[in-house]
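Visitor: So you can see what is in the structure, the chains are spelled out below.
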Amino acid sequence: MRLLLACLAIMVTAALPLSAEDQVSNFTLHNGMEVVVIEDHRAPVVVHMVWYKAGSADEKPSVSGVAHFLEHLLFKGTENLESGEFSATVARNGGSDNAFTSNDYTAYFQRVAADRLELMMRMESDRMVNLQLDESDIATERDVIIEERNQRVENNPSALFREQKDAVQYLNHSYGIPIIGWRHEMLELDLEAALDYYDTFYAPNNAVLVVAGDVQPDEVRELAEVYYGVLPANSELPERVRAKEPVQMAERRLTFEDPRVAQPYVSRSYLAPERDNGAQEKAAALTLLADLLGGGSTSIMAENLQFETRTAVHTSAYYRATSLDDTTLNFFVVPAPGVSLQQAEDALDNVLLEFMEDGVDTEHLERIKMQIRASQIYARDDVNALANRYGRALTQGLTVEDVQAWPDILQAVTPEDIMAAAAEVLDRRKSVTGWLTAPEVTQ
Amino acid sequence: MIRYILAICLSLVALPAMADVEVKEITTPGGLEAWLVEEHNIPFVSLELRFRGGASLDAPGKRGATNLMVGLLEEGAGDMDARAFARATESLAASFRYDVSDDTISISARFLTENQEDAVSLLRESLVNPRFDEQAIQRVRAQVMSNIRSSLKDPRDLAGMAFDKLVYGEHPYATPLNGTAESVSSLERQDLLDAHKATLARDRVFISAVGDITEDELKSLLDDLLGGLPETGAPLPEPAEVNLPGGVKGVDFETPQSVAMFAQPGIDRDDPDFFAAYILNHILGGGSFESRLMQEVREKRGLTYGVYSYLADRDGAQLWMGSVSSANDRIAEAVKVIRDEWARIRDNGVTEQELQDAKTYLTGAYPLRFDGNGPIADITVAMQMENLPTDYILNRNAMVEAVTLEDVNRVAQDLLDPSRLTFVITGQPKGLETTIN
Numbered sequence: 001m002r003l004l005l006a007c008l009a010i011m012v013t014a015a016l017p018l019s020a021e022d023q024v025s026n027f028t029l030h031n032g033m034e035v036v037v038i039e040d041h042r043a044p045v046v047v048h049m050v051w052y053k054a055g056s057a058d059e060k061p062s063v064s065g066v067a068h069f070l071e072h073l074l075f076k077g078t079e080n081l082e083s084g085e086f087s088a089t090v091a092r093n094g095g096s097d098n099a100f101t102s103n104d105y106t107a108y109f110q111r112v113a114a115d116r117l118e119l120m121m122r123m124e125s126d127r128m129v130n131l132q133l134d135e136s137d138i139a140t141e142r143d144v145i146i147e148e149r150n151q152r153v154e155n156n157p158s159a160l161f162r163e164q165k166d167a168v169q170y171l172n173h174s175y176g177i178p179i180i181g182w183r184h185e186m187l188e189l190d191l192e193a194a195l196d197y198y199d200t201f202y203a204p205n206n207a208v209l210v211v212a213g214d215v216q217p218d219e220v221r222e223l224a225e226v227y228y229g230v231l232p233a234n235s236e237l238p239e240r241v242r243a244k245e246p247v248q249m250a251e252r253r254l255t256f257e258d259p260r261v262a263q264p265y266v267s268r269s270y271l272a273p274e275r276d277n278g279a280q281e282k283a284a285a286l287t288l289l290a291d292l293l294g295g296g297s298t299s300i301m302a303e304n305l306q307f308e309t310r311t312a313v314h315t316s317a318y319y320r321a322t323s324l325d326d327t328t329l330n331f332f333v334v335p336a337p338g339v340s341l342q343q344a345e346d347a348l349d350n351v352l353l354e355f356m357e358d359g360v361d362t363e364h365l366e367r368i369k370m371q372i373r374a375s376q377i378y379a380r381d382d383v384n385a386l387a388n389r390y391g392r393a394l395t396q397g398l399t400v401e402d403v404q405a406w407p408d409i410l411q412a413v414t415p416e417d418i419m420a421a422a423a424e425v426l427d428r429r430k431s432v433t434g435w436l437t438a439p440e441v442t443q
Numbered sequence: 001m002i003r004y005i006l007a008i009c010l011s012l013v014a015l016p017a018m019a020d021v022e023v024k025e026i027t028t029p030g031g032l033e034a035w036l037v038e039e040h041n042i043p044f045v046s047l048e049l050r051f052r053g054g055a056s057l058d059a060p061g062k063r064g065a066t067n068l069m070v071g072l073l074e075e076g077a078g079d080m081d082a083r084a085f086a087r088a089t090e091s092l093a094a095s096f097r098y099d100v101s102d103d104t105i106s107i108s109a110r111f112l113t114e115n116q117e118d119a120v121s122l123l124r125e126s127l128v129n130p131r132f133d134e135q136a137i138q139r140v141r142a143q144v145m146s147n148i149r150s151s152l153k154d155p156r157d158l159a160g161m162a163f164d165k166l167v168y169g170e171h172p173y174a175t176p177l178n179g180t181a182e183s184v185s186s187l188e189r190q191d192l193l194d195a196h197k198a199t200l201a202r203d204r205v206f207i208s209a210v211g212d213i214t215e216d217e218l219k220s221l222l223d224d225l226l227g228g229l230p231e232t233g234a235p236l237p238e239p240a241e242v243n244l245p246g247g248v249k250g251v252d253f254e255t256p257q258s259v260a261m262f263a264q265p266g267i268d269r270d271d272p273d274f275f276a277a278y279i280l281n282h283i284l285g286g287g288s289f290e291s292r293l294m295q296e297v298r299e300k301r302g303l304t305y306g307v308y309s310y311l312a313d314r315d316g317a318q319l320w321m322g323s324v325s326s327a328n329d330r331i332a333e334a335v336k337v338i339r340d341e342w343a344r345i346r347d348n349g350v351t352e353q354e355l356q357d358a359k360t361y362l363t364g365a366y367p368l369r370f371d372g373n374g375p376i377a378d379i380t381v382a383m384q385m386e387n388l389p390t391d392y393i394l395n396r397n398a399m400v401e402a403v404t405l406e407d408v409n410r411v412a413q414d415l416l417d418p419s420r421l422t423f424v425i426t427g428q429p430k431g432l433e434t435t436i437n
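If you're matching them up, the sequences are chains A and B in order.
For the first sequence, this note's numbering gives the first residue as 1, with consecutive numbering after it.
For the second sequence, this note's numbering gives the first residue as 1, with consecutive numbering after it.
Take these hints with a grain of salt, some might be off.
Pairs of lysine to any residue, SDA-like flavour, derived with a Cα cap of 25 Å [claimed, not checked]: (1) B:K300 with A:R260; (2) B:K300 with A:E257; (3) B:K153 with A:D258; (4) B:K430 with B:P230; (5) B:K300 with A:S87; (6) B:K153 with B:A332; (7) A:K282 with A:R183; (8) B:K300 with A:L353; (9) B:K430 with B:D414; (10) A:K369 with B:V120; (11) A:K369 with A:E303; (12) B:K300 with A:H184; (13) B:K300 with A:D258; (14) A:K369 with B:A84; (15) A:K369 with A:I409; (16) B:K153 with A:E257; (17) B:K300 with A:K430; (18) A:K430 with A:D276; (19) B:K430 with A:L133; (20) B:K430 with B:Y366; (21) A:K244 with A:K369; (22) B:K430 with A:E148; (23) B:K249 with B:S323; (24) B:K197 with B:L158; (25) B:K430 with A:R253; (26) A:K369 with A:Q343; (27) B:K300 with A:E135; (28) B:K336 with A:D143; (29) B:K219 with B:D391; (30) B:K336 with B:D391; (31) B:K219 with B:P230; (32) B:K249 with B:L158; (33) B:K336 with A:E257.
Chain B stretches covered by chain A per the calculated footprint, using a threshold of three residues with CB under 8 Å from any CB of chain A [what the hints assert, rightly or not]: (34) 57-64; (35) 371-378.
Just so you know, these hints were derived from the structure itself, not from any lab.
The beta-carbon is built from N, C-alpha and C at its ideal position, and this holds for glycine as well.
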């Protein structure tokens with residue numbers, strides 16, 4: 001088996017005729033706006049995205065949700081477009097558009113035929129600086145985001161639990177505040193708060209343009225100069241410095257009860273370092289650690305808890321490597337019928353302890369690395385996913401070089417690196433454990 | 001290969017690209033038919049297999065058997081148990097997804113050119129020689145039971161289940177394909193073997209391959225992959241008799257936001273008026289911000305985050321469906337606005353401008369779907385199931401363009417029926433009278 005693996009690895013490496021470096025080019029406009037172009041000439045389609053280096057974690061106190069609220073409001077009018085005209089124009093050109101907000105970024109995108117790129121740039125650059133809102137926009141759209149919160153969070157006990165748990169995870173850092181906002185603060189969001197966020201963060205020197213598809217870098221540069229290059233940089237752009245987490249000295253626990261919970265589970269998380277510019281090695285080790293422990297049906301958690309002891313119905317581990325500030329390594333265990341949450345949690349701790357003693361199975365590690373190599377081939381079939389990868393990285397403290405170095409850094413991770421990262425992060429004193437469960441019914 | 005040619009169109013605003021996907025129809029020596037799109041730029045293949053019939057072929061009293069069977073295909077095959085099979089798949093960096101719906105079993109495979117033969121052998125084992133080990137059955141059954149329990153407390157699933165029960169009566173569509181706690185706990189290994197034999201047969205398979213593979217390679221691959229399956233399976237189910245009485249059915253559930261599904265009778269994909277209905281639906285509630293439902297319910301009134309309508313063309317039923325979610329104290333107004341819009345578009349029709357905007361969107365968006373091997377395999381296998389010819393890809397936009405304002409407005413008059421528009425709502429809606437028990 002091991003021999004076969006070695007042969008496969010060589011073949012896959014040799015079979016990469018087009019590297020990411022050939023497909024991707026990047027440059028910066030005079031006003032500081034970064035541009036990434038990803039070429040894929042198989043279809044005359046383009047994805048045009050503008051990513052702002054501003055998300056919910058950049059909000060001022062007491063206006064949680066304003067980053068996301070503003071994202072909705074950007075589809076209202078500007079000095080040059082009527083309310084709703086942006087999306088209507090995209091649709092009339094056979095395209096689709098949308099936007100999304102995260103902790104660290106807010107992004108707007110359109111997918112259209114490649115010859116519509118200029119029109120997209122004209123409109124997107126317009127709303128970067130010319131937004132015009134009135135009170136009626138505010139009132140109706142606030143109702144919409146409240147309904148969005150109802151749909152995503154209030155109607156879903158798991159989502160409410162995650163919100164509570166994040167708040168416990170981050171004592172001091174704004175990652176503890178939900179992206180969509182706390183309901184009581186969302187109800188008070190007003191025009192002033194939205195415009196304050198807009199004026200502070202929406203500027204070319206705080207934005208990344210990603211254009212992916214059937215385009216030439218030179219053509220993108222020319223158009224970008226015309227539409228984005230002429231916008232003035234914001235000289236008062238604040239530095240992205242968030243309050244840091246204190247050293248955690250005691251483990252934290254919470255139990256969230258909701259009668260709508262049908263399937264209780266345990267969620268365990270540890271504060272962990274993220275990918276940093278020029279220093280991605282530890283994050284690479286943690287990525288592989290999460291895969292080894294809980295990445296699918298051959299993982300250690302699945303082997304032990306689902307196959308052998310049958311303690312769990314589902315298990316998983318998740319590590320979000322790309323983040324501006326400290327991230328988390330997470331474990332989930334959904335107990336089998338008759339297994340209590342305490343037993344499930346104990347079983348998880350046992351698995352982690354045994355892993356610290358047994359170390360890394362190198363054959364398992366090789367299988368994971370093989371999949372990472374192959375994913376570089378599969379990734380070339382999905383230019384949207386590539387565009388997202390670069391957008392997320394560049395708004396979260398990384399560079400194009402970091403993104404391109406990442407696959408090799410993952411391949412270079414050794415079992416020793418993984419064990420060192422595990423020893424550093426998997427410390428019970430620095431953990432948060434949450435139980436989601438239904439209240440006990442007394443007859 | 002996925003090149004599009006720019007075509008000049010009626011509208012000067014938009015010149016939609018045309019998809020020029022070169023589809024080859026092939027027949028293997030073993031008699032299997034398949035569609036192939038060769039695309040040698042990236043060294044991998046996307047392969048889509050669809051078996052018509054799906055979970056609706058569950059035998060009486062065995063609800064959930066097909067779903068459990070499909071869940072077990074990757075849990076051990078040939079001389080490999082579940083873990084050995086998973087490790088082998090990982091070693092090849094292949095991915096196999098097994099999925100089941102009421103009408104179809106889908107297998108979506110992706111594998112590298114370098115180890116194509118090994119990947120296909122693995123996939124064949126899972127399709128032809130699944131083991132259905134007792135241990136694996138227990139494990140996957142527990143997962144299904146967990147999903148069943150979760151559905152019983154999920155407002156969207158609760159609405160869907162009540163809707164299906166009301167609308168589909170005695171047809172298999174009336175109950176969830178997961179089965180119930182009772183039906184699933186009584187399933188035995190023999191039931192899974194029976195479900196396998198009934199559903200995975202060569203007489204009902206549709207195949208599409210896109211990627212780094214030639215015609216001859218695909219032919220031998222397919223005979224190798226599927227040659228061991230039985231020639232015929234169980235007879236396909238009869239169509240459903242659809243009950244849409246109009247009115248509102250409530251499902252009481254304590255949650256802040258009510259979740260509504262609604263429907264009236266729909267239209268068959270083969271109907272000559274299908275494209276007129278499709279355009280009409282796009283204008284009414286077809287997913288974009290520009291639809292009348294989105295404008296009236298969300299943009300003007302802020303009553304919801306999303307409201308949609310769509311034509312659901314299932315093998316055994318055609319419905320015009322939709323969904324909306326609003327806070328318990330606002331859902332009544334959302335329902336009223338939807339009803340009003342349903343009646344307004346039937347009575348007054350759409351405008352020439354709305355029709356043109358819908359056409360430019362639909363014709364422009366169509367070629368954008370063909371943006372990767374996986375999506376193309378998906379589209380082309382669905383086309384075969386709809387009995388569409390390969391040149392449909394080239395002609396589809398012309399069919400959209402050919403629809404006239406008269407067509408759309410006639411179909412609105414003939415087909416839309418607010419009196420049969422039936423809502424099923426989970427939650428604790430205020431000020432909304434329920435008329436269906």
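Visitor: Would you mind marking each hint as holding or not holding in the structure?
Guide: Here is what the structure says about each hint:
For the hint pairing K300 of chain B with R260 of chain A, the CA-to-CA distance comes to about 32 Å; that exceeds 25 Å, so the pair is violated. With a CA separation close to 37 Å, the supplied pair K300 of chain B and E257 of chain A exceeds the 25 Å bound. Distance hint between K153 of chain B and D258 of chain A is fulfilled; the C-alpha atoms sit about 11 Å from each other, no more than 25 Å. As the CA atoms of K430 of chain B and P230 of chain B are separated by approximately 55 Å, the hinted pair breaks the 25 Å bound.
With a CA separation close to 15 Å, the supplied pair K300 of chain B and S87 of chain A stays within the 25 Å bound. The hinted pair formed by K153 of chain B and A332 of chain B meets the criterion: a straight-line CA distance of about 22 Å does not exceed 25 Å. This hinted pair does not check out: K282 of chain A and R183 of chain A have alpha carbons roughly 37 Å apart, beyond 25 Å. At roughly 57 Å between alpha-carbon atoms, K300 of chain B and L353 of chain A are farther apart than 25 Å, so this suggested pair is violated.
The straight-line distance between the Cα atoms of K430 of chain B and D414 of chain B is roughly 33 Å, outside the 25 Å bound, and the hint therefore fails. In summary, the hint linking K369 of chain A to V120 of chain B is supported, as the alpha carbons are separated by about 21 Å, within the 25 Å threshold. This hinted pair checks out: K369 of chain A and E303 of chain A have alpha carbons roughly 19 Å apart, not beyond 25 Å. With a CA separation close to 23 Å, the supplied pair K300 of chain B and H184 of chain A stays within the 25 Å bound.
This hinted pair does not check out: K300 of chain B and D258 of chain A have alpha carbons roughly 34 Å apart, beyond 25 Å. For a cut-off of 25 Å, the pair hint linking K369 of chain A to A84 of chain B stands: about 18 Å separates their Cα positions. Taking the CA atoms of K369 of chain A and I409 of chain A, the gap is near 11 Å; set against the 25 Å cutoff, the hint holds. About 14 Å separates the Cα atoms of K153 of chain B and E257 of chain A, which keeps this hinted pair within 25 Å; it holds.
Taking the CA atoms of K300 of chain B and K430 of chain A, the gap is near 48 Å; set against the 25 Å cutoff, the hint is violated. With a CA separation close to 21 Å, the supplied pair K430 of chain A and D276 of chain A stays within the 25 Å bound. Between K430 of chain B and L133 of chain A, the direct Cα distance comes to roughly 33 Å. Violation of the 25 Å bound is thereby established for this hinted pair. Of the supplied pair hints, the one linking K430 of chain B and Y366 of chain B is violated, its CA atoms being roughly 41 Å apart against a limit of 25 Å.
For the given pair, K244 of chain A sits about 33 Å from K369 of chain A by alpha-carbon distance, which is inconsistent with the 25 Å threshold. A distance of roughly 19 Å separates the Cα atoms of K430 of chain B and E148 of chain A; the hinted pair therefore holds under the 25 Å criterion. Taken as a hint, the K249 of chain B and S323 of chain B pair is honoured in the structure, with Cα atoms around 14 Å apart against an allowance of 25 Å. Between K197 of chain B and L158 of chain B, the direct Cα distance comes to roughly 31 Å. Violation of the 25 Å bound is thereby established for this hinted pair.
Of the pairs offered as hints, the one joining K430 of chain B and R253 of chain A is violated, with about 38 Å between alpha carbons and a cut-off of 25 Å exceeded. Between the alpha carbons of K369 of chain A and Q343 of chain A the distance comes to roughly 33 Å, so the proposed pair goes past 25 Å and is violated. For the suggested pair K300 of chain B and E135 of chain A, the alpha carbons sit about 13 Å apart, so the restraint of at most 25 Å is met. In summary, the hint linking K336 of chain B to D143 of chain A is supported, as the alpha carbons are separated by about 18 Å, within the 25 Å threshold.
Between the alpha carbons of K219 of chain B and D391 of chain B the distance comes to roughly 22 Å, so the proposed pair stays at or under 25 Å and holds. A C-alpha spacing of about 43 Å is found between K336 of chain B and D391 of chain B, which places the hinted pair above 25 Å, so the restraint is violated. Pair hint K219 of chain B plus P230 of chain B holds up; C-alpha atoms about 18 Å apart against a cutoff of 25 Å. With a C-alpha separation of about 12 Å, the suggested pairing of K249 of chain B with L158 of chain B holds against the 25 Å cut-off.
Simply put, K336 of chain B and E257 of chain A have alpha-carbon atoms about 35 Å apart, too far for the 25 Å limit, and the pair is violated. Counting residues of the region 57-64 of chain B whose CB lies closer than 8 Å to any CB of chain A gives 0, which falls below the minimum of 3, so the coverage claim is violated. A count of 4 residues in the region 371-378 of chain B with a Cβ less than 8 Å from any Cβ of chain A is obtained; the coverage claim is therefore met, three being the minimum.
Going down the numbered hints, you'll see the structure goes against 1, 2, 4, 7, 8, 9, 13, 17, 19, 20, 21, 24, 25, 26, 30, 33 and 34, while the others check out.
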